[in-house]
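Using UniProt numbering, read the sequence shown as starting at 1 and increasing by one per residue.
Calculated from the structure, these hints are not laboratory results. Possibly wrong hints are sitting among the right ones.
What the hints assert, rightly or not - Distance condition first, Cα-Cα at most 25 Å in a straight line; then the derived DSS-like pairs of lysine-lysine: (1) Lys-126 / Lys-103; (2) Lys-171 / Lys-58; (3) Lys-103 / Lys-58; (4) Lys-419 / Lys-380; (5) Lys-424 / Lys-380; (6) Lys-419 / Lys-451; (7) Lys-251 / Lys-171; (8) Lys-58 / Lys-126.
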Amino acid sequence: MDSPAHQFICIAELYEQLLKHLARGNGYSRSGDQGSIAKLARVCKMTSEPALDLLWTKLTRPSQIIDLLPEDAFELRNAFTPLSSKYNLTRPLVESDFAVFDKYAPRVQFVDLTTSSAPRLFSTIKTFRDPIFPRLLRFDWHPTARTMNVYHLINTMGAFHLISRNFNVPKEQFCLTMWDNVTASDAVTQITPDFATGDGLVETIDSFHEPLSSWLPDVQSLAIHTGNFLPIPDILEGLRGLSDLQHFDAKLEVGTDILSHLAGLPHLKSLHCTARENEHTFVNLARVLKERHRPSFPSLQSVGIHGTCHEHRVFLRLITSESLESIHMQLTDLHRYPLDASIFSPLTTPPTRLSSLRHFSLSTPFARPGSPRPMHFAMKMFEPLLACTNLETFDIIFDALNVEFGDNDLQRMAEAWPKLVSLKVFSEYIQKPAGADPEVHLYTLWTLVEKCRHLCRLEMAVDARVDGPFVPPPGVLSGLHTLEAMFLLLSPCRSPTYIADFLNLAFPNLVRFSADTPRVDSQNHENMWSQVRDALPNVALPLQAKETSLSS
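Required output: the full structure, derived from the provided sequences and hints.
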């Protein structure tokens, strides 16, 4: 008779849930209990295949695949620095060398390359196996994520061979982060010629600089983070070749031609970009779209743009989608174009957006020393958003000389947004005028306990100079157990015992807590906040105990 464990494993749905639990995340995660998953891979054929699929779902080091070739076929050769090390063939590859390779490479679905472990051997592998990873869904390629070293950048160019346009690999998502440029001549002049040639590196770099439409597969999600460092020929033609583009994230300047193309895509769900400066991009876009006489951005759910208040106002009015869920505004030139409530009115029209909007964030670039700053920033400007009753995230990061955010503002937010999960109101400006203390008092946070029973994260400035113990009003039986992270910014304090008693009552599950002190009498405030922290039981726990507390 089969054991209960065997019966459990024979039920595919139950075994799949077990693997997901061990992985502790989505299918692209390599965290979790890798040891237990590896043991399941060795038990029997019934358990091994799904476990191996999970173990090999994500690849972050090229050596994970290169090591599957016979040991006598390659060597790791060092050049001037570890960053310029590369794998070198010691003999020509033959078909029989791929017996082990073929058991594991087809399991890879997500590749995230940021390391400099030299994937230059991929060009040779591709002559035998194209595509190298036939089931690849997502490819995140970050050649300059960790360093701007030219050796690192050149060494990682071989990862270009993981892309296979002919077989549409990757099938779903491609992300490129490259804050520099590299040419074929760099490969020869920056590294010794014998080290740069012989593995198709020059040809690889030349192919990478071909028009985007010549090598980009038909992905649904495309992210290009290159700024103005890397010239990418013919982005528009590349986008036109994508039959079902749903997500586009461009950390580079885009013009009216690209935006007008994106506006007509029926399934585009998210758009994050920066308009080209000094071209009145959004004004011209409005004119182009008006002549079309059809909906623009009809399915958009998430949008993030970088520009002035006027540009935001114009662009948001062009979106006809009734299901906007997430908005991120990056505002510039606030000292010349002041913020006012009219910029937010398009977020509540049509009326369906009042229930669809869930995430809102706004940030302003911090001014350099001596640069002009916006003089005034009042939370009442966000009045139109109070009608969005399903809002879960409200994150504001700004730089202003005078900020109006008081107890009444917080109380109105709490009443309007009962589903709030994250609340952040943060100003980086340090040299505040005399008397410009936080206008939200510590005990006012109790309104979040009463109204926002899903809140998990809070980041803002409070005035914690309390003179007596907190007496909770009748009606609320327990504190807010969901809040685990609190960061109090530039917050003066007094009476640490009263503060700690309030926090333990209002937010009993706090695990992460910090308080940034005001610049006046900072040492005294720092000492008192340290006493508060020591009186928060979960915050004072060792790291291992914290993890246990979080998972319980």
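Do the hints match the structure? See the list:
no. : hint              : result
1   : Lys-126 / Lys-103 : 16 Å, holds
2   : Lys-171 / Lys-58  : 15 Å, holds
3   : Lys-103 / Lys-58  : 15 Å, holds
4   : Lys-419 / Lys-380 : 20 Å, holds
5   : Lys-424 / Lys-380 : 16 Å, holds
6   : Lys-419 / Lys-451 : 9 Å, holds
7   : Lys-251 / Lys-171 : 22 Å, holds
8   : Lys-58 / Lys-126  : 19 Å, holds
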